[in-house]
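Line by line, the protein sequences give chains A and B. The letter at position 32 of the first sequence is residue 32 when you use this note's numbering, and the numbering goes up by one with no holes. One rule links them: number in this note's numbering = place in the second sequence (from 1) + 177.
There could be a bad hint or two in this list.
As the list claims (entries may be wrong) - Calculated cross-link-like contacts (lysine to any residue; reagent style SDA-like; alpha-carbon spacing at most 20 Å):
(1) B:Lys198 to A:Ser76
(2) B:Lys198 to A:Gly84
(3) A:Lys85 to B:Pro197
(4) B:Lys195 to B:Val274
(5) B:Lys217 to A:Leu35
(6) A:Lys80 to B:Phe203
(7) A:Lys85 to B:Lys195
Rather than coming from a laboratory, the hints here were simulated on the basis of the structure.
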Amino acid sequence: MKQRLDHSVSLSAFAHLFSEIVQYQSTRIQTAADLECRLEECGHSVGLRILELLSHRERRVKHEIQIVGALQFVSSHCWKALFGKVADSLERSTENENEYMIHETFPVTNQYVSVPPDLGHLNCAAYIAGVASGILDGANFSARVTAHTISSAEDSGDKTVFLIKFSPEVIHRETYV
Amino acid sequence: MSASSKSHARIGEQVWAKMPKINAEFFCLTYGTMVVQLMKDFEDVREVNKKLESMGHGIGMRLIDEFLAKSGINNCHDFSETCDVIAKVAFKMFLGVGVDVANWNADKTACSLLLYDNPLNDFVEIPPNTNLLYSNILCGVIRGALEMIMMKVDAFFVRDVLRGDDVNEIRVELKERMVSEMDDQYKEG
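Bound-form chain B, shown alone:
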């Protein structure tokens, strides 16, 4: 673990200690009832996955403000620092779990977030042979939050404990950095 990663972990702990909390089981059952509702409303599992992702996207767009305000994190130098902050500070701060970053590609534009403990998964079993991505909302949150800070990413589950894998793995791939489009009249002259 690098030095900066360690300090992110420390920041994560500190912010987490200050956050108001709620019972994790109540949270996870609430999420469960929502997924069940979606499964009833949409017949196609793919639609459910998509809906979960878009809900997450909405959350991410709002959550980034709170994250920046409460964590005091400044600009990240590169994408690998961003991912480290997501893993060590953001996940810790909101869900109280530690996440590891692994499997970088050569260009440092894609990595995996390994969730050893996903609070959404408690008490959950999904029927065999369904393609439900139960925690897909998390991918949406990551995408929404990064979009607000001008990074277009793809986030998707590659491994899921609920589907028999040994760890939850979310792949995050940086697609492009958006350039802020600002009219000349607003620029500082």
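Only chain A is shown next, with the shape it has when bound in the complex:
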């Protein structure tokens, strides 16, 4: 396989492509939630492949068996490979034990996007959420990941939080390791 670690394309090319994807998907949906769902589906298949690619290339023989390990792999290792930086933070929800959060101030998919009023709560980072869930699924941590916008009090603009909700069996398995 060709070594392409240093290979890149311009962010504009990606932004143009992503915008076409969003436009295409938005012709076949009713609500913003549908659109997010479809973006998540797209992302999911990419996530599975990213996991395979990274594992193969870096000869990762070790498998993460704990939730925290798997999440750290996603938020630092994969994030770095995909976006050139680690995620801003990784937190555990205080309310539900099966929920975790990855914070990202400025996800790459939202860079050139302004959401029209009729799709009020749309967050295009749903695509990245899909990628994250694909990576976790591939690593046997089945989870639903969703992207949410949080308006921050300061003038730094909106933040995106990826809410990761693990399936009950993953949480159950965790008690054995």
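Starting from the known structure of chain A, fit chain B onto it as the hints suggest.
What follows is chain B alone, placed relative to chain A:
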């Protein structure tokens, strides 16, 4: 390689160095997932090819603005210079790959762009005996962008590595130069 072609290559390098970048694999997998989606949604491969081209057309129409703003390229004297700029500056600037121009016809109205390395193709295999033009979006981009600068062209794949050829070749044919239609009242008098 002519002198102007060399300087275009240099401009291409310079602009490319300044562009914000993203992982090429993420880009190519994203494109892949879109093509897969289209294949599921449309049953006919020809429809998919057409849809990819029209998506590219939309991109091209918007991309030309960014291209002109960032590259600082001025008017081209003739179509052959235009093609050289597409190959050496535009492809380099957006996809980071070098492209060669070849096979001019006698009138200098048609040429081929040879893509030795197409970033969209990574990890891709297409089923045998399908007529899918996997990277057809690129043809649309070229057509859309040139349309915005008053050139009507046809762009289509003639060779594709994914279909067993040794190089990717996009044929670009100039059909006509459009004349801007402007009402008299807007003309400078």
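Need the status of pair Lys85 (chain A), Lys195 (chain B): alpha-carbon distance at most 20 Å? Since the Cα atoms of Lys85 (chain A) and Lys195 (chain B) sit roughly 19 Å apart, the hinted pair holds (cutoff 20 Å).
Restraint check for Lys195 (chain B) with Val274 (chain B), where alpha carbons must lie at most 20 Å apart: Within the cut-off at roughly 15 Å; holds.
Holds or violated: Lys80 (chain A) with Phe203 (chain B), Cα cutoff 20 Å? Status holds; Cα separation ~12 Å.
Given the proposed pairing of Lys198 (chain B) with Ser76 (chain A), does the C-alpha separation stay at or below 20 Å? Roughly 19 Å between the alpha carbons, so the hint for Lys198 (chain B) and Ser76 (chain A) holds.
So if I understand the rule, the pair passes when the alpha-carbon distance is 20 Å or less; does Lys198 (chain B) with Gly84 (chain A) pass? 9 Å, holds
So if I understand the rule, the pair passes when the alpha-carbon distance is 20 Å or less; does Lys85 (chain A) with Pro197 (chain B) pass? OK: Lys85 (chain A) and Pro197 (chain B) at ~14 Å, within 20 Å.
Taking 20 Å as the top limit, are the C-alpha atoms of Lys217 (chain B) and Leu35 (chain A) close enough? 17 Å, holds
In terms of the numbered hints stated before, the structure departs from none.
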